[in-house]
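Protein chains: 2
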Amino acid sequence: MSLIDVKNVTTVAVIGGGTIGASWSAWFLAQGFTVRCSDPSAAAREAAPGMIAACWPQLSALGASGSADQALARFSVWESHLQAVEGADYVQENAPERLELKQKLLSEIDAALPIDRVIGSSTSGLKASDMQTGMAHPQRLVVAHPFNPPHLVPLVEIVGGKQTSEEAADWAVAFFNAHGKRAIRVRKEVPGHIANRLQAALWKEAAYLVQSGVASVEDVDLATSEGPGLRWAIMGPHLTFHLGGGTGGMAHFYDHLVPAMQTWWADLGTPVMDAALREKLVEGVQQEVGDRSIADLSAERDRKLIAILNVLSPDPQD
Amino acid sequence: MSLIDVKNVTTVAVIGGGTIGASWSAWFLAQGFTVRCSDPSAAAREAAPGMIAACWPQLSALGASGSADQALARFSVWESHLQAVEGADYVQENAPERLELKQKLLSEIDAALPIDRVIGSSTSGLKASDMQTGMAHPQRLVVAHPFNPPHLVPLVEIVGGKQTSEEAADWAVAFFNAHGKRAIRVRKEVPGHIANRLQAALWKEAAYLVQSGVASVEDVDLATSEGPGLRWAIMGPHLTFHLGGGTGGMAHFYDHLVPAMQTWWADLGTPVMDAALREKLVEGVQQEVGDRSIADLSAERDRKLIAILNVLSPDPQD
Numbered sequence: 001m002s003l004i005d006v007k008n009v010t011t012v013a014v015i016g017g018g019t020i021g022a023s024w025s026a027w028f029l030a031q032g033f034t035v036r037c038s039d040p041s042a043a044a045r046e047a048a049p050g051m052i053a054a055c056w057p058q059l060s061a062l063g064a065s066g067s068a069d070q071a072l073a074r075f076s077v078w079e080s081h082l083q084a085v086e087g088a089d090y091v092q093e094n095a096p097e098r099l100e101l102k103q104k105l106l107s108e109i110d111a112a113l114p115i116d117r118v119i120g121s122s123t124s125g126l127k128a129s130d131m132q133t134g135m136a137h138p139q140r141l142v143v144a145h146p147f148n149p150p151h152l153v154p155l156v157e158i159v160g161g162k163q164t165s166e167e168a169a170d171w172a173v174a175f176f177n178a179h180g181k182r183a184i185r186v187r188k189e190v191p192g193h194i195a196n197r198l199q200a201a202l203w204k205e206a207a208y209l210v211q212s213g214v215a216s217v218e219d220v221d222l223a224t225s226e227g228p229g230l231r232w233a234i235m236g237p238h239l240t241f242h243l244g245g246g247t248g249g250m251a252h253f254y255d256h257l258v259p260a261m262q263t264w265w266a267d268l269g270t271p272v273m274d275a276a277l278r279e280k281l282v283e284g285v286q287q288e289v290g291d292r293s294i295a296d297l298s299a300e301r302d303r304k305l306i307a308i309l310n311v312l313s314p315d316p317q318d
Numbered sequence: 001m002s003l004i005d006v007k008n009v010t011t012v013a014v015i016g017g018g019t020i021g022a023s024w025s026a027w028f029l030a031q032g033f034t035v036r037c038s039d040p041s042a043a044a045r046e047a048a049p050g051m052i053a054a055c056w057p058q059l060s061a062l063g064a065s066g067s068a069d070q071a072l073a074r075f076s077v078w079e080s081h082l083q084a085v086e087g088a089d090y091v092q093e094n095a096p097e098r099l100e101l102k103q104k105l106l107s108e109i110d111a112a113l114p115i116d117r118v119i120g121s122s123t124s125g126l127k128a129s130d131m132q133t134g135m136a137h138p139q140r141l142v143v144a145h146p147f148n149p150p151h152l153v154p155l156v157e158i159v160g161g162k163q164t165s166e167e168a169a170d171w172a173v174a175f176f177n178a179h180g181k182r183a184i185r186v187r188k189e190v191p192g193h194i195a196n197r198l199q200a201a202l203w204k205e206a207a208y209l210v211q212s213g214v215a216s217v218e219d220v221d222l223a224t225s226e227g228p229g230l231r232w233a234i235m236g237p238h239l240t241f242h243l244g245g246g247t248g249g250m251a252h253f254y255d256h257l258v259p260a261m262q263t264w265w266a267d268l269g270t271p272v273m274d275a276a277l278r279e280k281l282v283e284g285v286q287q288e289v290g291d292r293s294i295a296d297l298s299a300e301r302d303r304k305l306i307a308i309l310n311v312l313s314p315d316p317q318d
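Heads up: the protein sequence lines correspond to chains A and B, in order. Numbers 1 to 318, taken from this note's numbering, label the letters of the first sequence in order. Numbers 1 to 318, taken from this note's numbering, label the letters of the second sequence in order.
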């Protein structure tokens, strides 16, 4: 079986029209695709076009051509996933994180879709191996996990299940990368894929430092965003340490700096997730944000994210 | 004892003229200070002005006024630390990371310097409590730990020792923040201060994922820089999760998402630092960088760092 050529994809089905589905829809529309979305909730179907329109100025700032209205002319929203997948060349599934529900949905989509089309799931918590058990063509299911917000953050984690073909996983990587995402292959099914594990590892120590009284919530946050965070937007931890090794690179780093690193590892902590820590974190964040609302902060984050993406892009938009 | 007014600082002594000392010197010059540097090595003294001049185009891009030559007219380099601290209003010490050496140096500087002046040490591995034991005025010693490269990265971690006064630590925070750094207070002396612990925590999991075969070195790096890393340049982990909690903020996050987080924590790993991992990391980084040299990569990192700092700045430079 050979899969549809990545270049021939014109129509994408987006299953689920909530926050993640709408954000994915906006991104697919910005790439020029026709998007067929589905959601069993009438309220979600009604809200979806407005959510997409709200994303559009951001996508325009990143180079999307045309107006929101022009994009929405390529968008339709359906009650049933079976209507959405009619004529779809790729399916992005964003149903609630319940295994039985996803299994049923994916089996039905699988039965309706030509066998040369790949199905990606946005799941952050479930395994492709478990979701694909009821599918007649399980080989074409991959996890295609975005990072919030999906229409802005380039990362997509591609994970195959036990029955997924190498071809389907490679196809998904090629498809996303052809359209400006940075898709990576996760080669084993582990909880949290990669990025959420890295976030969890960082926050574990961050919360521990707050709990231990080493620094305030705000100062731990600043110790990230005004220091290593600035570098992590540019390069990952290995490349960072390759440069930390001077002219000897990673080999020098490994031989000379790993001993210090291991001393620090030995001293890292695990916070106790009790009511006192909850209060400390909630109050600490409140002090940090002052009178900025969640909406203000999200807008600020997105504005800065777009600015960073544009300056890091080989072809910056103005 | 009251300390010199932050606004009255005109002259800074930088002890040690190596990579860190030269980078600090360049930054202090860019703030308009007169810089008196010292290094016992004649080769280091000869090299320092060139290293500062090499930093200057970067500092100009971040808004420093005047030419490198004009800045270097305010720079002098001496053999002895006692010469460097003559007339200094603040001292930034960057001697080799050996306790006895730092103790001797700091005691001598302390004896020579008016008592209303603060002394900061760039140490990443030593404690102020240990370094200040021989000083007649130990209350004025703080750790003022920069993040590499010091002339570009805003973070400065301020840590007091057992005998350090609150006043001196507050002074150091105010001094750096008055000149565009983001100084934070680390309230307990822990190995790695904060930022290096956070880096260590992230890399521990990153290296584990490579060792376990979950992903390649390059893909783990991309899973950082194309995902959470982009957000960490904008806000730290707590603020990130405050937004992850939707309209309920950190309280909602804590109540609803910490259970998933704890599942991930339970699955985080510790890499075995053996020869096989060393080879895997060295080869993986080699694949990732291709023919880009360490110098190319450093220049690329610094260029991107400056671009990000400028777009995140409330008053961007062009």
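Hints listed in this document are in silico derivations from the structure and should not be mistaken for laboratory results. None of these values were measured; they are calculated from a predicted model. Glycine included, each C-beta is placed from N, C-alpha and C at the ideal position. Do not rely on the hints blindly, as some may be mistaken.
Straight-line alpha carbon distances no greater than 30 Å define the calculated BS3-like cross-link-like pairs of lysine-lysine that follow [to be verified]:
| id | chain 1 | residue 1 | chain 2 | residue 2 |
| --- | --- | --- | --- | --- |
| 1 | A | Lys-181 | B | Lys-181 |
| 2 | B | Lys-127 | A | Lys-162 |
| 3 | A | Lys-304 | B | Lys-181 |
| 4 | B | Lys-188 | A | Lys-127 |
| 5 | B | Lys-280 | A | Lys-280 |
Examples of chain B residues lying across from chain A (beta carbon under 8 Å, computed) [to be verified]:
| id | residue |
| --- | --- |
| 6 | Trp-78 |
| 7 | Arg-197 |
| 8 | His-238 |
| 9 | Met-273 |
A quick look at each hint next to the structure:
1. A:Lys-181 x B:Lys-181: violated (34 Å)
2. B:Lys-127 x A:Lys-162: Answer violated: Lys-127 (chain B) to Lys-162 (chain A) is near 51 Å, above 30 Å.
3. A:Lys-304 x B:Lys-181: The given pair, whose Cα atoms are some 19 Å apart, holds under the 30 Å limit.
4. B:Lys-188 x A:Lys-127: Given pair Lys-188 (chain B), Lys-127 (chain A) is violated - Cα atoms ~42 Å apart, limit 30 Å.
5. B:Lys-280 x A:Lys-280: violated (41 Å)
6. Trp-78: The hint is violated - Trp-78 (chain B) has no Cβ within 8 Å of chain A, the shortest such distance being about 26 Å.
7. Arg-197: Hint holds; Arg-197 (chain B) Cβ to chain A Cβ min 6 Å, cut 8 Å.
8. His-238: holds (5 Å)
9. Met-273: This interface hint holds because 6 Å falls under the 8 Å limit.
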